[in-house]
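*Asks:* Residue-level listing of the chains:
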Amino acid sequence: MDDHMKIKVMIVEDQELQRAFISDALTDSGRYDVAVSIDNADLSDLYVDGGGIDLVLMDIYTAFGADGLDASERIKAMHPEVKIILMTSMPESAWITRARDAGVESFWYKEVAPDAILSVCDRTMGGESVYPVFVA
Amino acid sequence: MMMRILIILLLFSIPTVPGVLLAFFLIRSRDRVGRNSIKYAIDHLPMGLAFYEPDGMVLLSNLVINSYCERTTKKPLMNCRSFLNDLYVESLTEPVPEYEVPDQFMMRQDDRMYQIRHREIPVQGRSVFQMTIVDLTDLYENEARLLKEAEQLQAAQEKLKSYDAEAEELARNEAFLAAKTRIHDMLGQELLATRYFLTEPQERLTAQDLIDRWDTVLKELMRSEGDGLTQAKSTMTQDTMQALKQAASAIGLRLKVEGAFPSDSARLARLIVSCARVCMTNAVRHGNANEMTISFSDDHKEEGGYTITFSNNGIIPSPRFVKGGGLNGLERTVEEAQGSVSYRFEGSFSVVVKVGSI
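Sequences listed follow chains P and X, in order.
Okay, so the first sequence: first residue is 101 according to the numbering used here, each after it adds one.
Okay, so the second sequence: first residue is 462 according to the numbering used here, each after it adds one.
Do not rely on the hints blindly, as some may be mistaken.
Pairs of lysine-lysine residues, derived as BS3-like cross-links and limited to a Cα-Cα distance of at most 30 Å, are as follows [as the list claims (entries may be wrong)]:
{"no.": "1", "chain 1": "P", "residue 1": "K108", "chain 2": "X", "residue 2": "K706"}
{"no.": "2", "chain 1": "P", "residue 1": "K108", "chain 2": "X", "residue 2": "K717"}
{"no.": "3", "chain 1": "X", "residue 1": "K536", "chain 2": "X", "residue 2": "K500"}
{"no.": "4", "chain 1": "X", "residue 1": "K609", "chain 2": "X", "residue 2": "K620"}
{"no.": "5", "chain 1": "X", "residue 1": "K717", "chain 2": "X", "residue 2": "K815"}
{"no.": "6", "chain 1": "X", "residue 1": "K706", "chain 2": "X", "residue 2": "K784"}
{"no.": "7", "chain 1": "X", "residue 1": "K706", "chain 2": "P", "residue 2": "K106"}
{"no.": "8", "chain 1": "P", "residue 1": "K210", "chain 2": "P", "residue 2": "K106"}
A short, non-exhaustive set of chain X residues, derived as facing chain P with CB atoms under 7 Å [unchecked claim]:
{"no.": "9", "residue": "D646"}
{"no.": "10", "residue": "A727"}
{"no.": "11", "residue": "V734"}
{"no.": "12", "residue": "S735"}
{"no.": "13", "residue": "R738"}
{"no.": "14", "residue": "G817"}
For the record, the hints were derived by calculation from the structure and aren't laboratory data.
For each residue, glycine too, the CB sits at the ideal point set by N, CA and C.
Build the full structure now, drawing on both the sequences and the hints.
*Replies:* Structural data, given as structure tokens:
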């Protein structure tokens, strides 16, 4: 696929290893181009303002405690067309509610299997909203 | 001739004599204070006044105290001791015990507050008593209102103190939670990776990869100290400035830095990054700027403070500009960190943030 047809992604994740893992998984698929990879959610909206970002993979807890949920709300307010997938390894239901209210498209509990994140990205870009389902 | 002059003088003097005589007597009478004048004077006092014998018999009373007695006891004032007894002992009116002092007490009646005083005054070796009734309603209400306001202020002050303590506790808990979250996150990832490695056929992940990942994680855990947010100072400074410059570049802004980035704490670094984000966004969006300078000054470091100035080469707004959500949020964030925000409009638009060590 030509580069200009690939989906431009920004990864916001404070752990370098995790950023690298996700970046590799997306790049290897051939469908995504990781345009930006940063560790601080407080700077994420600047990159979206600069244009050229179609999808944001946003960790909730990032460098210096910068809040990915806050950043997602700001991005959605200014750029509703940009899709966001929030990521976390901590199951906190209040975050899910807040994410939905902000208009965040999908919410993903981090897993190592690469096809898991790829699947969430594909489904989100396809117009689906992917949220965890809790079974009692 | 002389006779004519005498007659003329006599004719002129006759009308003036009564006048002179009248004037003489009037002048003399001003030096004398009579009963009527005393009664007149005390009747016009804005308070009740009575003088009485030791057994209570009234010697002199004014209209105000008579009126009060009639209103309260339904009878004229004949004996001041009886009247006092009716007022106080018989609780004819509603007493206000908290104001009681010897020879003085307060009474409440018909939503008015009265101060009643009685004391002995020696007059030429003779024992005479004086009773006064003063309407202190306005004074009492003002005092009550002031007391209430003082209590409210005291309560507000206690709340502020409590809020301060809570805010401090919250900040501590926030830092502790951040540390726990970070450690949990890292360990969680590696445990998932390990589980995946053990349960699924691997092409991308080898045993050595896994060991290397655990090695990195453990080193990272050991590097995290205290609240878990502390990073190697030089790395934090370098990485943060680099991140800011790259982010600025993403929106077409060239970022210059003057002075040393404070590396005291991650919280301070976060505050600076947060402020920089707002200033950079506004510089491009509203000021049409292409260059921003962040100046760091520890001019009041001895008090534990820094001054960070964000200036840009864009349009300078009017000093009466209306702040948007970004700057309002910035001010709130800085104030929560016990700092202050001001603006400069000469030469270029600058946002000046003063904050202590946090």
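*Asks:* Okay, which hints does this one fail, numbers in order?
*Replies:* 14
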